[in-house]
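Kindly produce the complete structure, drawing on both the sequences and the hints.
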Amino acid sequence: MNTGNFRKMRALVALMAVGVLSGCVADRAQEADPLEDVNRVFYNINDSLDRHFIKPVAQSYSNVVPKGVRSGVTNFFDNVGYLNVILNDILQGKIVQALQDTARVALNTTVGIGGLYDAATPSGFPKHDEDTGQTLGAWGFGEGMYLVLPLRGPNSLRDAPDLATSAVLNPLFYVSSMAITFPVGALSAINHRANLLEATRIRDEAALDPYSFTREAYRQNRVFKIYDGNPPTQALDEDYYEEGETGVLKVY
Amino acid sequence: MNVGFRALAVCLMLFLPLRPGIAAEVGPGQVVDRLHLALLDVMKRAGELGYQGRSALLTPVVESSFDFPTIARIVMGRHWAGLGNEEQQAFLKTFSRLSTATYAARFDSYGGEDFRLVAEEPQKDKILVRSELVKADGSVVKFDYLVHPGKDGGWLIVNVIADGVSDLSVKRADYTTILKNEGYAALIAKLNDKIAQYEEPGR
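Protein sequence lines correspond, in order, to chains A and B.
For the record, in the first sequence the residue sitting at position 164 is 178 according to my numbering, with numbers rising by one throughout.
For the record, in the second sequence the residue sitting at position 22 is 892 according to my numbering, with numbers rising by one throughout.
Among the clues, some could well be false.
[What the hints assert, rightly or not] SDA-like mimics (lysine to any residue), calculated; alpha carbons at most 20 Å apart, straight line:
1. K1064(B) with F227(A)
2. K1064(B) with R215(A)
3. K1012(B) with A213(A)
4. K141(A) with V1010(B)
5. K1012(B) with D242(A)
6. K141(A) with G1008(B)
7. K1060(B) with E219(A)
8. K141(A) with E1002(B)
9. K239(A) with E1002(B)
10. K1050(B) with D223(A)
11. K1050(B) with P48(A)
12. K1064(B) with E50(A)
13. K963(B) with A220(A)
14. K141(A) with V1011(B)
15. K141(A) with K1064(B)
[To be verified] If you want the ones that stay clear, here's a sample from chain B, every Cβ over 12 Å from chain A, calculated:
16. V896
17. L910
18. T929
19. Q959
20. D1022
21. L1057
No lab work stands behind these hints: they were computed from the structure.
All C-beta atoms in this analysis are idealised placements derived from N, C-alpha and C, irrespective of residue type, glycine included.
This is the structure in structure tokens:
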């Protein structure tokens, strides 16, 4: 590893440590978005950048590049970042799933021509969605403060460590040539944004205050993922709570 | 089976739903199923119907499937109690119109999707109806409906949870922020703006 990569890794490990420690002191009060003022500033900057630059590029990319090619690009980046999924399978004790996911990477990298084609799903090795935030959630860590990260968008102290693990477990992280990393990174970002066009269209149509809307949707979707699509009854029951005048949650 | 028995069976099948009392006993899964069938119908005929046609078909189904008074109370959070009766009724009416407009605007094309009911799970006095929207490429979006007994009998939907995201919670976070920062009048104005956007020609 060269010095630049070592520095990057040290910074990411430090970030990860902050995230893990924060999980230990997470409580309901923290989850109430204490950083809202700062978050809204970053939200507005991200939104402005998105509206003026990123979304128009993603829209053009979506219009010009055929769907099959876009799927290939999505498959490639999913496959190249899949070691992070396998690590988190193991950390959550899902050993069978870790073995299946290892077979998935092997199949997609070889038969799937470097990951461009998803050969594994039809062969009985479906894609799983695991990350370090979900692992920390499964281990019992609270969400911690809600964060809006510059350029990255919605996040939380519990989810932030995944920035580190997903980076260091991605082989593209170790490519030092800017001539490769810049265009590949740009393609990844544009393709990712293109995949979110429909979701953001729905948000823009429905939301009165897009910041609150996005925060709530992000938090709930994260719980859904932590529980692998089957969140417990209590999470649903929260809808039947109302903040009383004293701020205490009460059932009605 | 002899002809007479078969005729009797057919008669029973035909007339049972017409008997008062039995017709009203539409279970929680059927409420969701009826909504899904209406949505599929407008999706398949989206172009021919246009926005107004979709809205006309969906309005009676949506209004008889959702418990809007309960939903309105929950999405307004603690602000509900502070509103006068007229304000509550005005919000309820606007919210109900927006819900129908949203369905009519969003379900505007058909790409081979299908809905399927997966399970009905009791949750205290409510039933969680689990369903899936299966897209043409095989990908699935989970739609869970929380259904509870309505005041006048029958079952009514109080929440839709799409891939874990609760519509009630998102709306409550969204609306109460506007109420807190800008007030009731601004909330109603913004909801009416949304309805107007959905009703724009070309939808």
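Here is how each hint holds up against the structure:
| no. | hint | result |
| --- | --- | --- |
| 1 | K1064(B) with F227(A) | 15 Å, holds |
| 2 | K1064(B) with R215(A) | 13 Å, holds |
| 3 | K1012(B) with A213(A) | 15 Å, holds |
| 4 | K141(A) with V1010(B) | 13 Å, holds |
| 5 | K1012(B) with D242(A) | 12 Å, holds |
| 6 | K141(A) with G1008(B) | 13 Å, holds |
| 7 | K1060(B) with E219(A) | 12 Å, holds |
| 8 | K141(A) with E1002(B) | 18 Å, holds |
| 9 | K239(A) with E1002(B) | 16 Å, holds |
| 10 | K1050(B) with D223(A) | 12 Å, holds |
| 11 | K1050(B) with P48(A) | 16 Å, holds |
| 12 | K1064(B) with E50(A) | 25 Å, violated |
| 13 | K963(B) with A220(A) | 17 Å, holds |
| 14 | K141(A) with V1011(B) | 15 Å, holds |
| 15 | K141(A) with K1064(B) | 37 Å, violated |
| 16 | V896 | 23 Å, holds |
| 17 | L910 | 19 Å, holds |
| 18 | T929 | 19 Å, holds |
| 19 | Q959 | 20 Å, holds |
| 20 | D1022 | 20 Å, holds |
| 21 | L1057 | 7 Å, violated |
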